[in-house]
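Got chain V; can you put chain S with the ligands on it based on the hints?
Just so you know, the protein sequences line up as chains V and S, in that order. Here my numbering is used: position 6 in the first sequence is 1451, and no number is missing along the way. Here my numbering is used: position 314 in the second sequence is 331, and no number is missing along the way.
It should be emphasised that the hints constitute simulated quantities derived from the structure, not laboratory data. It is possible that some hints are incorrect.
Examples of chain S residues lying across from chain V (beta carbon under 8 Å, computed) [said to hold, decoys possible]: (1) Ala214; (2) Ser232; (3) Thr280.
Glycine included, C-beta positions come from ideal geometry on N, C-alpha and C.
What follows is the residue order along each chain.
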Amino acid sequence: MTLLDIRNLTVTFATRRGAFTAVDGVDVAVDRNEVLAIVGESGSGKSVAMLAAMGLLPKTATVTADRMNFDGLDLMALSADRRRRLAGKDMAMIFQEPMTSLNPCFTVGFQIGETLSAHLGLARKARAARVVELLAEVGIPDPARRARAYPHQLSGGMSQRVMIAMALACRPKLLIADEPTTALDVTIQAQILDLLLRLRRENGMGLVLITHDMGVVAETADRVIVQYAGQQVEASPTRALFADPHHPYTAALLAALPERATERRLPAIPGVVPGQFDRPAGCLFSPRCAFAFSACHRIAPRRAGPELGAALCHTPLAAGVPQPGALQEAGA
Amino acid sequence: MTAALEARGLARDYSVARGAFRRPALVKALAGVSFSLEVGRTLAVVGESGSGKSTLARLLTLIEAPSAGALLIEGEDVAHATPATRRRLRREIQMVFQNPYGSLNPRQTIGKALEEPLLVNTDMNAADRRAASLAIMEKVGLRPEYHHRYPHMFSGGQRQRIAIARAIVLRPKILVLDEPVSALDVSIRAQVLNLLAGLKDEFGLAYVFVSHDLSVVRHIADEVMVIYLGHAVETGSRDAIFHDAQHPYTRALLSATPVADPTARRERILLTGEPPSPIAPPPGCPFHPRCPLVFDRCRVDKPPAETKRGREVACWAVTP
Ligand SMILES: Nc1ncnc2c1ncn2[C@@H]1O[C@H](COP(=O)(O)OP(=O)(O)O)[C@@H](O)[C@H]1O
Ligand SMILES: Nc1ncnc2c1ncn2[C@@H]1O[C@H](COP(=O)(O)OP(=O)(O)O)[C@@H](O)[C@H]1O
Ligand SMILES: [Mg+2]
Ligand SMILES: [Mg+2]
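Okay, chain V solo, but in the shape it has when bound (with noise of 0.2 Å):
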């Protein structure tokens, strides 16, 4: 059984210019003890798909899907309540940013005891020893002194360790990491992404690691989604991925890095992404695809089966060739 799966996700916010869609048809599946990378630029939908499935978002945004379970469970059928306490305690998410979703005023030991307390019902002494052993499991040196300081006498690396003890103190079954190291220093990163691939490998937790980063991508997941402008573009396995991108986009993306540079000039993708109020007809991604043709700009693509990456495109990718067939079936 996968652990968390979901099938053609939407959310939609109200806002004062009108309804927008933030997350449009994204399908999630993780298993334990695997790691799935969501990738895309900023404002693609990343944090929006996952504070959906933690049920974190506020009320003006609308959520549907078609399945949403997560270990069994139907996620949409719990009551607000018992959605409440299973995030934080079977799933559980971190964030980019340690410093804001830390409290200033208590001590770190405290934060992480009122969670134990919370979920756990655990009393004063066990808890306190149990707060020592988290800190000591993410890394902290020297942890019970650590766990008597408070947020701000902390590096941003120690704040994100604190953040991961904190989520991991009710051995949740699956851990969703938001840009966790896009903040960090590329050292501290390493040691930060080393302890959340050892801690998923001890534990058998399923991770969902949210990154615009390629490089973080292809060394830590198993398997990548990627999206674009709210859509899911494309998922597959990591290797497949990278050997031959289906979707046009992925493709794109991995030849504008630079470390993939053959030349000086790098082949960087044309214009923006999509706003809000300027949506392009048909494929949300033709006006910048380098093989778009006129049905695209009129008619939205259908994914495409797996082996295509179910690339959603008219002309899926395969050895950077389009292939007509999805095209033929859409009768255009």
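The following block gives chain S with the ligands in isolation, referenced to the frame of chain V:
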């Protein structure tokens, strides 16, 4: 040929208050950095946050004066230059900041932002200034109708184009770019890197490119300087740094940088701990508390930067 830019032992200290009953502490943000940059070349300065990169950028652009050391722009020692020469030198070296939001005045149209340096520094008339600003906008790929728009109407990538246009409108010889693409998404980052490469060729610029992103640095740099806790630990050609790094910190930094290739097999040097505070730097080599090669001498003697194996490196463990 005289170098476009030369730094000799540039250092900068800051004194920071530590509360009412303690003496202010001295932060050695930059502890003596030297390099020489030729016309048409790019020197990349890499290091982690707090290593002194932005401090160096501020010294190079004359925003701040060094506590020690000398800065030469086109062979002229800035500290000993006449006020008129200083003014001229100041125009030759311009800065682009990481945050395109913070570096533009929200109440100024793009046109005004680009014309302001011309108004202050030249005797061009209004029509010429307008023509010059429109010309520079075209060079950086901004449409002429943006001339009367405000910064908030632009995306991050476009704002960075505006900031670059503003930096080159006086036709300087040197640009100091402090993390110019770090806040940009991959597809936009590639556009801005291409723009910078094109401008460099067209105007014969020299770049000091500050970055913590080694993949970007590898792509754009001719020379690379790695700094750690205010010290240049290794300086050399791009190939010397990326194919044959000698300093253990450079090696660790390279090995920690994720590579966008899932089939790549690499040995990762996991550094333990975090960089120490520049208020209380360790004795001896600044890197010794985290160094995998540390031995007794490193804890007492600071290694000087020496030419070894075709680059400048400050490490006792590197043999000539
Ligand atoms: N509470 C909200 N109300 C309205 N729009 C929102 C809200 N939260 C996020 N958005 C919008 O949804 C889109 C997706 O955001 P997000 O998921 O945070 O992107 P990512 O994490 O991929 O950078 C963005 O355009 C963002 O502005
Ligand atoms: N104006 C200042 N006053 C006091 N300390 C400063 C000042 N500017 C920088 N520093 C300190 O100097 C060190 C180097 O900072 P900086 O040059 O900004 O590093 P980087 O750009 O590499 O992140 C840091 O420890 C920083 O806190
Ligand atoms: Mg996000
Ligand atoms: Mg800086």
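Evaluation of the provided hints:
About 6 Å separates the beta-carbon of Ala214 (chain S) from the nearest beta-carbon of chain V, less than 8 Å, and the hint is met. Given the 8 Å rule on beta carbons, the hint for Ser232 (chain S) holds: about 4 Å separates it from the nearest Cβ of chain V. For Thr280 (chain S), the interface hint holds, since its Cβ comes within 8 Å of a Cβ in chain V; the closest pair sits about 7 Å apart.
Violated hints for the displayed structure: none, as all numbered hints are satisfied.
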